[in-house]
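Single-letter residue listing:
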Amino acid sequence: MPLYLTDDQIMLKDMVGPMLGEEGPRHLRRLRDGHDAAGWSRELWARFGEMGLAGVLVPETAGGSGLGHVEAGIVLEAIGRNLTPSPFLATAVAGVTVLAAADDAVRGRWLPDVVTGSATIGIAVDEGAKHRPAAIALRAERSGNGFRLTGSKTFVVQGGTADLLIVAARTAGAAGEEAGITLFAVPRASEGLDVESVRLADSGMAARLAFDGVAVDADAVIGEVDGGWGLLSRMLDAGRAGAAAELVGVGGAALDLTVDYLKTRRQFGREIGTFQALQFRAAHLYSELEIARAATLKAQQMLDAEHADAPKWVAVAKAKAGQAATLAVQEGVQMHGGIGMTDEYDIGLYMKRDRVLQEWFGDAAFQADRLAVMNGF
Amino acid sequence: MPLYLTDDQIMLKDMVGPMLGEEGPRHLRRLRDGHDAAGWSRELWARFGEMGLAGVLVPETAGGSGLGHVEAGIVLEAIGRNLTPSPFLATAVAGVTVLAAADDAVRGRWLPDVVTGSATIGIAVDEGAKHRPAAIALRAERSGNGFRLTGSKTFVVQGGTADLLIVAARTAGAAGEEAGITLFAVPRASEGLDVESVRLADSGMAARLAFDGVAVDADAVIGEVDGGWGLLSRMLDAGRAGAAAELVGVGGAALDLTVDYLKTRRQFGREIGTFQALQFRAAHLYSELEIARAATLKAQQMLDAEHADAPKWVAVAKAKAGQAATLAVQEGVQMHGGIGMTDEYDIGLYMKRDRVLQEWFGDAAFQADRLAVMNGF
Amino acid sequence: MAVVDEDVFRAEVRDWLEANCPAEMRAPVRGDEDLCWGGRNPTFSCPEQKVWLDRMAAKGWTVPDWPVAYGGGGLTPAETKILRAEMKAIGARSPLYSFGISMLGPALLEYGSEAQKLHYLPQIARGEIRWCQGYSEPGAGSDLASLQTRADDRGDHWLVNGQKVWTSYADKADWIFCLVRTDATEKQKGITFLLFDMASPGVTTKPILLISGSSPFCETFFDDVRVPKDQVVGAVNRGWDVAKYLLGHEREMISGMGLAAGDPSLGRTLTDIGDPGLRALVAAFDVDAYAFQAMSERFIDELKAGQAHPAQPSMMKYAGTELNKQRSELAMAAGGSDALEWDSARSNTGAAARTWLRSKGNSIEGGTSEIQLGIVAKRILALPG
Amino acid sequence: MAVVDEDVFRAEVRDWLEANCPAEMRAPVRGDEDLCWGGRNPTFSCPEQKVWLDRMAAKGWTVPDWPVAYGGGGLTPAETKILRAEMKAIGARSPLYSFGISMLGPALLEYGSEAQKLHYLPQIARGEIRWCQGYSEPGAGSDLASLQTRADDRGDHWLVNGQKVWTSYADKADWIFCLVRTDATEKQKGITFLLFDMASPGVTTKPILLISGSSPFCETFFDDVRVPKDQVVGAVNRGWDVAKYLLGHEREMISGMGLAAGDPSLGRTLTDIGDPGLRALVAAFDVDAYAFQAMSERFIDELKAGQAHPAQPSMMKYAGTELNKQRSELAMAAGGSDALEWDSARSNTGAAARTWLRSKGNSIEGGTSEIQLGIVAKRILALPG
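Chains as they are written, first to last, in the numbering used here: chain F, 1 to 377; chain X, 1001 to 1377; chain U, 2001 to 2385; chain V, 3001 to 3385.
Hints were generated in silico from the structure; no laboratory data involved.
Keep in mind that a hint or two might mislead.
Claimed, not checked - Straight line, CA to CA, 25 Å or less: simulated SDA-like cross-link-like pairs of lysine to any residue:
id, chain 1, residue 1, chain 2, residue 2
1, V, LYS3050, V, ASP3174
2, U, LYS2081, U, HIS2249
3, U, LYS2244, F, ILE339
4, V, LYS3378, F, GLN267
Note that this is a predicted model, so its numbers are computed, not measured.
With these hints in hand, go ahead and build the complete structure from the sequences.
And the structure:
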C-alpha cells in the first residue's frame, strides 16, 4: 500500500477539514471563555455521530463506518489543526478498540450509543503523573458474582462527562508486572466511585477517580481476567497513533501560522521571513513535520493491517509527532515574538494542546524507551 | 577566588601559548607524516621538563613547580589549540596524581624522572571499549611477597612508550564493585606483559596490554590494597579536568579557524560570514565554548581547593567541554564546506582529536550519568 | 575607605537597621502583595511596610548611592555594598520596588538637566511617584527604533499620539518615561525621550492577558496627550542615546538576575524519575545548568573586575533564557499530568504550567535570542554585515 | 503492456539471465574492486565480469530504457522494471557503473544533437568510455554558477583554462563533461556545457586526500586545452540549463539512495549499551531513523505517483544526510575506544572512524544542508527574499 492517502481518504479529509476549520480555534475559545463544564460541545459530537465519524472504527455490521486508523487519523489531524475539543480520541478511537473486544452484553449496551454520539468513554489507566501502564495498582477483587474495585486513577481525559469508563485494574500479580491486569467496563455513575474533574492547561477537562470498593458484575470484564495486557496495549496503541495524528495537526497548524507571520511581519524594513536564520529554522521544522506525518501514516497503516510490527511504528509515530509538534509550537511562539505570548493570538493555544497530547498515552521519551525494549536493548 | 585567571596564570598562558603556537598543528603533521612510532616528540617533552611543566603538579619540595590544576589546564588548553601531541595529560596530570600518593620507594624511583621529562606514565584502567572504571576485572592475586597480575587493559594512551604503567586491578570483589580495587605501579618492561601499540584516528598511539601473570613486589602497590577506588577516582578526575581543558582548546581553535573562514570566504558575492544563519550558529557556538571554559576553570579551582564538590564539577566540565568542542568541530567542518573535508586543512585534525578526548576518561553521557548519581537520581 | 572606617560604618548601619527595620519587614517575601511599589496611591500590605519605606527614604537609603541632593544616601560604592550586605544579613526586605530607581533614575543622572534631577529624583527616592516605561510598540518589536508614536511640536507643548505595548504596570503607574518620534524623516535620530503624567487627558491603558494568564503588561494608548516642553530628557531627537544607555543598563541587570544562587540541579528537585529517557535528559540538563552557573559566576567576577566584554551580557541573556526555557520544559515533563492542571487548588492554580508558559517569554522580552545572537556575532566575533 | 505480455517478457528475461549471467556475477559485491566501470583501459576483477558486461551491452541492457539506436535496450518502463526485478531475484550484479549512464546520458538524451547522441551514447552503453563530471571549482563551492574555468573561442576550437575540484575518478576517466565560462559578463547565462577527452594535452589531475583517507575525488587542471567546437551540448552560454536539469536528476537520485531498505535501528546493531545516557540517545535516534524510513517510503511512493513536490528532494537530502551523520556519531560513541583505531587489522583499517569522518561530507557534497534548507524555505514554504 503506497504511503499516501487514497482518493476516498482525501475526500474524507476535504469534508472534515472545512467543517472544523469554519470556526477553527474560535470554537475552543468559546467553550473556554464560557467556562464550559464539559470542555467540549455535545452539539458538535452529535454531528460527529450523524456523520458516522463517532463510529469510524466500528464495523458496518455494528452500525459503524467500518473504516480504519488512517481515517481516524484524518479526523484527528483536522481536530488538531483546529484545536477542536472532542471526545473523538478517547471514545471513538481508544474506547471503541476495547468495546469491539467485549462480550455481547457490554458491546450491545454501549456500542450503539457510542456510534450515534450519545455516549462517551473515559480511559482510566494512569495512576501516577507519568504514563506507566504496567505499574497499575488499582485492585479488583472477586466479590460474589463480580468484583470490587479499590484504588485511584488520574488523567482520565473527559472522565467527568464520560458515560462509560474503561478501567484497567490489577486482579493478580504486583505493580510493574504485565500479567494480572484485567479491563473493566464501569459506568461512571457507579456507587463508591468519586469523580473529580480538573481543568487542564489546554482548557480541556480530565478526571481523578477514587474507587472505594466499587462493585461490578462479572460481565463487566472485557477480555480475559488477568490477561488484559494485550487488549490494554491495543487500546493504548490506538490512542497513541490517534494522538500522533492530532499532534501532526497541531504542529502543522503552528507551522502554517508561523510561516504566514514570517511573510507579513516586517522588521528592520523587510519581512522577517527574509531573514536567513528564520528561513532555515522554518525549513527544518517543515522537514520534521513531514517526517512525523509519514511516520504517523505508516503506524496507522500498520495498525489497519494488524501487522506484528504495528506497536513499534506506533511508538515511533507518537514520539516523532510529539517532538515535531513541540518544536513547531516552540518555534512558533518564539518567531511570533511578543504577540506570541499573548492570549489574543492562537499560537499559545497550540502550545498548550501540544503539551497535553505529549503526555497522553506516554511522552516521546516513554515511546523511545518502549521502542528500544521492543528492539531488545 | 574569582573565576578568572590570576596575573601569574596569564603569564603562564602567554608563555606556553606562543611556544606551542609557533609550529601549531604542523608539529602533529610532521610526526604523523613521518609515521613516528611514539606519536609525540621526546625533544619537546624534554623541554617541558626543563621548563618545569612536566612537574607542574609536583610540590616544589619534590622538585616540581608546585602549581595546580588551573595551571595544568592552561598548558592543556594550549596543547589542545595547537594539537600538540604530548605525554602531559597522562603523565604530568593523571599519573602524577597517583605517584604523589605512593610510598617513598615508588615515588623516589619515578617522580624525579617524571619531573625532568625523562620518564612517562601510561594509565591502564579501561578494559572494554567504554570507560567503566568500576567494571575492572584484571586480577591481582597475592603470590609470595607480591602479586601476580592477569587480565587485559585497553586504550592505554601512549602506553607503548610509557616507562611506568599505573594499573588498576581487582584484588577483591567482583567486576562492577568499587571496593576491592588496588592500584599498582608496573614498569612497562615487565615479564609477562604484552604491549600492542595501535594508532588512533588522531594519529596518537594507544596500547592494548595483556597481563599473563605479571609478577610485582608488594611495594608496587600505591595506596591501600582493596581500597584503591578513592585514589583511582582522584586520578581519573585529574585526567577528566585535564581532558576538559584540552577540549576547550580544541573547540576554541576550531571556532577561531571557522570564524576566520567566515570572514574571508566569499560566496554569492559576499563573505559567508554575513549570512545570518551562519552568524547565529557561530554566536551560539561561542556561547557554548565560553560556558565550557567557565565550567572547566571552576572544576580546576575546586580540585585545587580539594573541595568535596570537586568530582561533581569535574563531571560537569568534562561533559560540557566535550559537547562544546564536538559542536565546534562539527560546525567547523560543515561551515568550511568541501575543503573542511580535505586532509590539507586543519579543521579535520581538530575533529579527530576531539573524538579521542571525548572517549578518554569517559564521554559526556558517562559524566552526565555520574553527576546524576552523585546528585542522588 | 580604610578598613577601620568600613568597620565603623558597618557597625552604624547594623545598629540603625536593628533599631529601624520592623520585624515584619525581615520576613521573607511571600508574593507580589508583599512588594512595596510606592506611588501616589500606594498600597501597603501592613503599616510596618510604610514605616520601613519612610525611614529608609528619610536616610536616602532607598537609593543609597545617589547624591544626597537628589534624595539619595550619598554613599560610596563600598558603603553601599556594606549596607546591602547588612540588610541581607537580617533578611531585610527591599523597602521599595521601582522602575524609577532601576531605569529612569540612571538616565536622569546621566542625561537630565539639574532642574529635572532636583525635581524628579527625590520623588523617586521617596517612592512618591510610580513610573512605567513606554518603549515597545506593536509594529516595532525587535526593531525598537522603528517606533511610530508621535510627539508634535505645538509651540508651548508636545502633542502625543500613538500606542505603546508591553508597558509593565502602566495601569498602576503615575508617570511614564517614553520614547516618541519627533522627526519622521530620520530613524534613530528622530526619537525623543519624554516624561509625562499618566493622569493626563488622552492616556488610556489596557492590561494584556498572556498565555500564562494575567500579567503586569499593558497596552497604552495616547490620544492628543499634551506634554509640557520641559519634560524632555536630553536633547530633542537624541532620545535614542538615552534609550541605548538604559538598554545596556537593563540588559546587564537582567543577565545578572537569578545567577549563581543555590544548587542549579533540576534532578535533585524531582522526586521520582522513573523513565530512563527522561532521566537521561534531566542528567544532560543538569550538566548545562551547573556549567551555566559557573559561567554566571565568571561573568559577575569579570564584570566586577571590569574584564567582561561589553557585549557579553547578550551572550548571558541568550544562554540563560534558553536554559531556563529548557528547565521549564523538563520540569513539565517530569511533572507529567499533574503539572497540566490549570486552576485546581492542588496545583496552586496551575503554577507549574503557568511558570512553564511564562518562561517562553524570557527569550523574547528584553531583546530576543535572535537579537542577542546577532550582537554576539557582530560585536564579539566581529563577523561582517 | 497487458499482463499476459508482461508474463511472457518476464519468462524470456528469466531464461536469458539464467543462461547468460555467470555464477560469479551473482555473488554479492565485496568491495570497490568488484565494481566494473569500463573505459578505454578497463580492469576486470575476473574474466566473467567482462563476459557479463559484453553480453548485457549486446542486448542493450546496460541502459535498458534507452533507444536501441543509441545502444539501449529500447524497453518500456514496465519492461525495465521487470528486468531489474529479475536481476535482483538472482542477485545479478550491475554489469556497469558509469557516470555516463547516470549523469551524462540523461543530459545528452535531453539536450544533445542527433549526431552527439549517435556518437556518445552507444560508447557509454558499451562501457567503452569512462566519464567524469567537471562542475565544482575551488572558488565556487555552493555558488556553483560563479565558476571561473574559461573556454575562449579560438575560431575552430575552444581553449580551456582553469581548475575543477571534487572531480570523482578524474584520474581514471577517459572523457569529462564540464561546465565552462564562455561569457564573463554574465553569471548563469555565460556558462557552456562542454565535453572533452581527458587525454588532451594540458589536462592534469591530482587525487584529494580526505580527512577519512584516500578518496576518488581529484583536483583537475586545464592548461590551454584545445577542444573541438562541436563538443558543446546544448547552445553556447546555455550550459546552466543542462546543469540544472542534471542537478535535479542527481539530487533525486541521491535523495532516494539507501532509502527504505532494511531495519534502520542502530540499537539493534549494538551489542552492549551499558551506559544509560548513551542508551537513551540511541533510543531517541532510532525513533528518528524509523520515522525517516517512513518518510523515504512516502517520498518514493509520491515520486512514483507524480505527487512529490519538485523541491522535496532537497528536504530528503537535508534530513537524510543529517541523520546519517548522527548515526555515525552515535556508532562512534557506542564503539568507544575500539572505534578510534585507525590502521589496525582488527579495526579493518579504521573502518568505523573512517566511515564516521566520511559521513561529514554527506551534508556538504551534492548541495550543502544550508543550500537545501534555503530551497525548502523558498520553494516549498514560499518565504520571501
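A quick look at each hint next to the structure:
1. LYS3050/V to ASP3174/V: Between LYS3050/V and ASP3174/V the Cα gap is close to 19 Å, so the pair holds against 25 Å.
2. LYS2081/U to HIS2249/U: holds, 19 Å
3. LYS2244/U to ILE339/F: Given pair LYS2244/U, ILE339/F holds - Cα atoms ~23 Å apart, limit 25 Å.
4. LYS3378/V to GLN267/F: Answer holds: LYS3378/V to GLN267/F is near 19 Å, not above 25 Å.
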